[in-house]
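Residue numbers (this note's numbering), protein chains in the order written: chain A, 224 to 343; chain B, 299 to 463.
No lab work stands behind these hints, which were simulated from the structure alone. Please note that a few of the clues may not be correct.
Said to hold, decoys possible - Okay, the calculated beta carbon distance ranges per label pair:
id, chain 1, residue 1, chain 2, residue 2, range
1, A, ALA292, B, PRO322, 17 to 27 angstroms
2, A, LYS263, B, SER319, 29 to 39 angstroms
3, A, THR338, B, SER421, 30 to 40 angstroms
4, B, ILE441, A, LYS316, 43 to 53 angstroms
5, A, LYS327, B, SER319, 25 to 35 angstroms
6, B, TRP309, A, ARG282, 52 to 62 angstroms
7, B, ALA374, A, LYS316, 34 to 44 angstroms
8, A, ALA292, B, ALA324, 16 to 26 angstroms
9, B, ILE445, A, LEU329, 41 to 51 angstroms
10, A, THR265, B, SER421, 27 to 37 angstroms
11, A, LYS335, B, LYS305, 50 to 60 angstroms
12, A, GLU294, B, ILE445, 48 to 58 angstroms
Here a beta-carbon is modelled for each residue, glycine too, at the ideal position from N, C-alpha and C.
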Amino acid sequence: MPKTCAPEELLPLTPAVFHILLALTDCEQHGYAIMNEVLKQTDGRFRMGPGTLYGSIKRMIAIRLIEEADERPAPDLDDERRRYYRLTPFGRKVAAAESRRLAKLLSVARGKGLTRPSFA
Amino acid sequence: MNTRRRKIVLWSVAVYDRMLSLYPRAHQRDYRAQMLQTFSDLICDTIQKRGVRALPAVWIAMLVDTGSNVWTEHVAERSANMGSLKLWWNNKKSAELLDPFWGGFFFGIVFCAMTASGIILISLGATDSIEAWLGLGLIVGAIAGIIAQILQKPAYDKQLAQKLS
Numbered sequence: 224m225p226k227t228c229a230p231e232e233l234l235p236l237t238p239a240v241f242h243i244l245l246a247l248t249d250c251e252q253h254g255y256a257i258m259n260e261v262l263k264q265t266d267g268r269f270r271m272g273p274g275t276l277y278g279s280i281k282r283m284i285a286i287r288l289i290e291e292a293d294e295r296p297a298p299d300l301d302d303e304r305r306r307y308y309r310l311t312p313f314g315r316k317v318a319a320a321e322s323r324r325l326a327k328l329l330s331v332a333r334g335k336g337l338t339r340p341s342f343a
Numbered sequence: 299m300n301t302r303r304r305k306i307v308l309w310s311v312a313v314y315d316r317m318l319s320l321y322p323r324a325h326q327r328d329y330r331a332q333m334l335q336t337f338s339d340l341i342c343d344t345i346q347k348r349g350v351r352a353l354p355a356v357w358i359a360m361l362v363d364t365g366s367n368v369w370t371e372h373v374a375e376r377s378a379n380m381g382s383l384k385l386w387w388n389n390k391k392s393a394e395l396l397d398p399f400w401g402g403f404f405f406g407i408v409f410c411a412m413t414a415s416g417i418i419l420i421s422l423g424a425t426d427s428i429e430a431w432l433g434l435g436l437i438v439g440a441i442a443g444i445i446a447q448i449l450q451k452p453a454y455d456k457q458l459a460q461k462l463s
């Protein structure tokens, strides 16, 4: 399934999965760094616990959106028990497809005037 | 980090480690060490940045996170094992292990553990009176949950017997 399925078939993504994909877009990260990155992306509004994080990671590995990185970015500075994760090419495609889907939705909302400050 | 704070970190990690035993074995085998490491990082970071008084909020978030994800992982594992489960279901003794009674009982235990951790945090002076009320609420909820499950047990037994006959 993961190799043959089109990115669009996995949409819409859950918020946790999409945030993890976004957190891993630039570089490989370990679990706690992903949690902090998600917190930063959402201005502290989306706080993931380890249960949600590793449950999502497990499912994302199963459908090959992400994978465990073989090398550690800074082995001498880091705890060796930590595992690092990175985006796969398929994961990048899925993240891009979800971004396009959300952008389209946003443009619909803009068209209806819902993004004007008076609605906030 | 002073001795008291270090003790709180060690205690928190030990309690969370116990809570992780509630996850399915396969999930524990693959992710327990990482989850513990992440939780430990979170607790140390919280204490350093916001102090011990911020811990009750972290614990409440962890309890909600664990409660919902333990359930999700067990359901996911059962769905994944559905093929072998059908064979297993034919065995009456094994089928009893799938009784929903144990699901409720299990959650009662989780809530009791959560409450106990809240009470210990209060006794360590990490919080104020609102958390004490919250802890009390959790105790009442846990006891009510366990009693409800015990009362439902005969009905579950009956359903199970009908299914197996």
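Each hint, compared with the structure:
1. A:ALA292 / B:PRO322: 17 to 27 angstroms: Holds: the Cβ-Cβ distance is about 25 angstroms, inside 17 to 27 angstroms.
2. A:LYS263 / B:SER319: 29 to 39 angstroms: Between LYS263 (chain A) and SER319 (chain B), where Cβ atoms are some 32 angstroms apart, the hint holds.
3. A:THR338 / B:SER421: 30 to 40 angstroms: Because 49 angstroms falls outside the window, the suggested range is violated.
4. B:ILE441 / A:LYS316: 43 to 53 angstroms: With a Cβ separation near 51 angstroms, ILE441 (chain B) and LYS316 (chain A) satisfy 43 to 53 angstroms, so the hint holds.
5. A:LYS327 / B:SER319: 25 to 35 angstroms: Hint violated: Cβ distance 45 angstroms, outside 25 to 35 angstroms.
6. B:TRP309 / A:ARG282: 52 to 62 angstroms: 32 angstroms, violated
7. B:ALA374 / A:LYS316: 34 to 44 angstroms: 25 angstroms, violated
8. A:ALA292 / B:ALA324: 16 to 26 angstroms: 22 angstroms, holds
9. B:ILE445 / A:LEU329: 41 to 51 angstroms: Cβ of ILE445 (chain B) to Cβ of LEU329 (chain A): about 49 angstroms, so the range 41 to 51 angstroms holds.
10. A:THR265 / B:SER421: 27 to 37 angstroms: Since the Cβ atoms of THR265 (chain A) and SER421 (chain B) sit about 34 angstroms apart, the hinted range of 27 to 37 angstroms holds.
11. A:LYS335 / B:LYS305: 50 to 60 angstroms: About 56 angstroms separates the Cβ atoms of LYS335 (chain A) and LYS305 (chain B), which means 50 to 60 angstroms holds.
12. A:GLU294 / B:ILE445: 48 to 58 angstroms: 54 angstroms, holds
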